[in-house]
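Colleague: Sequence:
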Amino acid sequence: MPMARAASTTMPTAVSINLIDPIGAQRRATGVPELDRVLDGGLVPGSVTLLVGEPGMGKSTLMLQALGRMAADGARCLLVSAEESCEQVRMRADRLGVLEPSLLVVSDTSLHNVLAQVDAVAPDVLAIDSIQTVHDPELPGSPGSVTQVRECAQRLVRLAKERGISVVLVGHVTKDGQLAGPRALEHVVDTVLQFEGDRHHALRMLRALKHRFGSTHELGLFEMGEVGLIDVPDPSALFLTDRRAGLPGSIVAPVLEGARPLLVEVQALVNSSTAPMPRRSAQGLESSRLAMLLAVLDARAGVSVADVDVYASVAGGVRVIEAGADLAVAIAVASARIGVAVPDDLVAIGEIGLGGELRQAGQTPRRLAEAARLGFRRAIVPASSAGVEGIELIRVGSVVEALAAVGLSVDQQRAAS
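Going by full-length UniProt numbering, the first residue of the sequence shown is number 1, and it counts up by one from there.
Keep in mind the hints are simulated off the structure, nothing from the lab. Check before you lean on any hint, since a few could be wrong.
Derived DMTMM-like pairs: lysine to aspartate or glutamate, alpha-carbon spacing no greater than 20 Å straight-line [what the hints assert, rightly or not]:
(1) LYS210 with ASP40
(2) LYS161 with GLU151
(3) LYS161 with GLU186
(4) LYS161 with GLU196
(5) LYS161 with ASP190
(6) LYS161 with GLU218
(7) LYS210 with GLU54
(8) LYS210 with ASP36
(9) LYS161 with GLU54
(10) LYS210 with GLU186
(11) LYS210 with GLU223
(12) LYS210 with GLU226
Pair by pair, the computed Cβ-Cβ distance ranges are [said to hold, decoys possible]:
(13) GLY56 with PRO33: 20 to 26 Å
(14) THR109 with ALA275: 51 to 57 Å
(15) PRO365 with SER110: 26 to 32 Å
(16) GLU83 with ILE20: 35 to 41 Å
(17) ALA237 with ALA275: 35 to 41 Å
(18) PRO22 with ALA291: 23 to 29 Å
Every residue gets a Cβ at the ideal spot worked out from N, C-alpha and C, and that includes glycine.
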């Protein structure tokens, strides 16, 4: 006779879904507008958020700013700093202007001590910097090992659900940009935020790679300054501030970062080469995409780049990985090769196929509206694009037609050569 399974005294009761209280209205705003944009309004009680990024990007700064502003708004916040002393955290908080009485700090690496602090403090928000340095002495392995990271994270997830605490974990990434530790860590948390940027630029970008309580299509933008991270509410204007007018090899491309349209300057430089294999350099662009566009320019548009070095870049430290910027890159390279500048009031949108044909990019109307808002009057777009008020569309079907529409032709290249 089979043994009967023992019933749990804490077995939950099934209820009708329409009788369950929604938690969306309970979001706690962090007080950092760009962070709240990505979080779809703020932190959800009982949720666990993982903030990852390379060293030096500003993860700890972003978290401390958010904790300070939530504390100023009445939340009881506990920061467990496993990598810095309390004195070091205090110095950072002083610089950021977030010395709030409701922001409590402890420096510890023991999970048992962290849980004891939570019992004593009863915080609304718990932040741990970082999850890779917290350990449970009863578990095998050193801090940062697969077992330690996985088990500590799962215990913190249970704590968040049981107490209704918003938990934020800071995580490190490896040299190739992957989260250090077990992949299971990304699955047990509710939200994964990636903080990224170029160390040589002040711009920082925040993306939601996973978000159970909202969209993953939002992008937060910050500028790193002496007093911390500053929100960038109008990134398009920031990216175009230092653009030089009348420069060959330059054109503006409306791109999409998540659901957010941005105007970025695409630049190209072409230089004669005596090397057997001319150099191709892409900064802020995919190298393989640039190679494909150069092949299309050569084979379909008659723009010869076989004997020259080609450098292509997106100004401002932004990385563009979508095909909607293809046409802008092609026009920038052709402009640099021929030595003729593109009109300054013009933007280019469109994906280029291997046959040289143009295809629509996603959310073209939103891109055009952003260009019109910034004062651009004309746009080179695929022939099937719908019109938008405030900007004139120059509809073309191929890269050859696009180059002709902006005054670039093969005859000009031959003359320049």
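Colleague: Indicate, hint by hint, whether the structure satisfies it.
Modeller: Outcome of the hint check:
1. LYS210 with ASP40: holds (12 Å)
2. LYS161 with GLU151: Status holds; Cα separation ~16 Å.
3. LYS161 with GLU186: This hinted pair holds, its Cα atoms lying about 17 Å apart.
4. LYS161 with GLU196: violated (29 Å)
5. LYS161 with ASP190: Holds, at roughly 11 Å.
6. LYS161 with GLU218: Distance of about 26 Å is beyond 20 Å: violated.
7. LYS210 with GLU54: Given pair LYS210, GLU54 holds - Cα atoms ~18 Å apart, limit 20 Å.
8. LYS210 with ASP36: holds (15 Å)
9. LYS161 with GLU54: This hinted pair is violated, its Cα atoms lying about 29 Å apart.
10. LYS210 with GLU186: OK: LYS210 and GLU186 at ~8 Å, within 20 Å.
11. LYS210 with GLU223: violated (23 Å)
12. LYS210 with GLU226: violated (30 Å)
13. GLY56 with PRO33: 20 to 26 Å: 23 Å Cβ-Cβ, so the 20 to 26 Å window holds.
14. THR109 with ALA275: 51 to 57 Å: holds (53 Å)
15. PRO365 with SER110: 26 to 32 Å: At roughly 54 Å between Cβ atoms, SER110 and PRO365 fall outside 26 to 32 Å, so the hint is violated.
16. GLU83 with ILE20: 35 to 41 Å: Since GLU83 and ILE20 have Cβ atoms about 39 Å apart, the given range 35 to 41 Å holds.
17. ALA237 with ALA275: 35 to 41 Å: holds (40 Å)
18. PRO22 with ALA291: 23 to 29 Å: Once the Cβ atoms are compared, 50 Å apart, the range 23 to 29 Å for ALA291 and PRO22 is violated.
Checked against the numbered hints given earlier, this structure breaks hints 4, 6, 9, 11, 12, 15 and 18; the rest are met.
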